[in-house]
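Asker: Let the sequences and hints guide you as you build the complete structure.
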Amino acid sequence: MSSFHIHDVDSAPKDSKPLLEGSLKEFGMIPNLHGVLAEAPGILEAYQLLHGLFTNSSFNAEELTVVWQSINVEHGCSYCVPAHSMIAQSMKVDHDLIEALRDKAPLPNEKLQVLQDTTLSIVRKRGHISHEEIAAFYAAGFNKRQLLEIILGLSQKIISNYTNHIAKTPLDDAFKKFA
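Using my numbering, the final residue of the sequence shown is 236, and nothing's skipped along the way.
Think of the hints as simulated: they come from the structure by calculation, not from any bench. No experiment lies behind these values; they were computed from the predicted model shown. All C-beta atoms in this analysis are idealised placements derived from N, C-alpha and C, irrespective of residue type, glycine included. Don't take each hint at face value.
Derived lysine-lysine pairs resembling BS3-like cross-links, with alpha carbons at most 25 Å apart [as the list claims (entries may be wrong)]:
id, residue 1, residue 2
1, 201, 182
2, 233, 161
3, 168, 149
4, 168, 182
5, 149, 233
6, 161, 149
7, 225, 71
8, 149, 234
9, 161, 182
10, 149, 82
11, 234, 82
12, 71, 82
13, 161, 225
14, 74, 225
15, 201, 168
16, 82, 233
17, 234, 161
DEER-style ranges, computed between Cβ atoms [unchecked claim]:
id, residue 1, residue 2, range
18, 212, 62, 18 to 28 Å
19, 133, 204, 21 to 31 Å
20, 71, 153, 44 to 54 Å
21, 78, 167, 39 to 49 Å
22, 133, 62, 17 to 27 Å
23, 196, 61, 41 to 51 Å
24, 82, 103, 14 to 24 Å
25, 81, 223, 17 to 27 Å
26, 82, 110, 14 to 24 Å
27, 167, 97, 37 to 47 Å
28, 190, 110, 21 to 31 Å
29, 148, 188, 25 to 35 Å
30, 167, 82, 36 to 46 Å
31, 65, 196, 40 to 50 Å
Answerer: What follows is the structure in structure tokens.
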């Protein structure tokens, strides 16, 4: 059970109200994560900004999903794994890729596998990845911009994954079928 209040537009601190209204407009609901983050308006704003920036990065839907879900699974986030499974489905990401990411199974092609390997290396080594890992990332067809964009996605996921661990954010009904 969460010890954090899950805010709605009425209960949220003043500076979080317009941010939650934006969530409601974008998603048709206020995800519980956003309701928890609303306690500290700056973190909710940062999360939403990072989400928008990463979604509009140079990665396609499959690549976004690989970065997000690799981090979610690595961090053991029981909220974000199902939430991003639903997001991936809504972005028309192949079901087999979604399941492979959730199951820690090999990915369907070498390029996506290298993206996952690089993402996990950045997470596990806290950015201290080798020249060989970077060279393999570039050889797979990625570039410097995308290497940095993994860090952008990681920044977003640290906010959500760590908040969900601390707050024990309950899963929204919309995400339960993906749990």
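Asker: Would you pick out the hints that fail for this structure and give their numbers low to high?
Answerer: Violated hints: none at all, because every hint is consistent with the structure.
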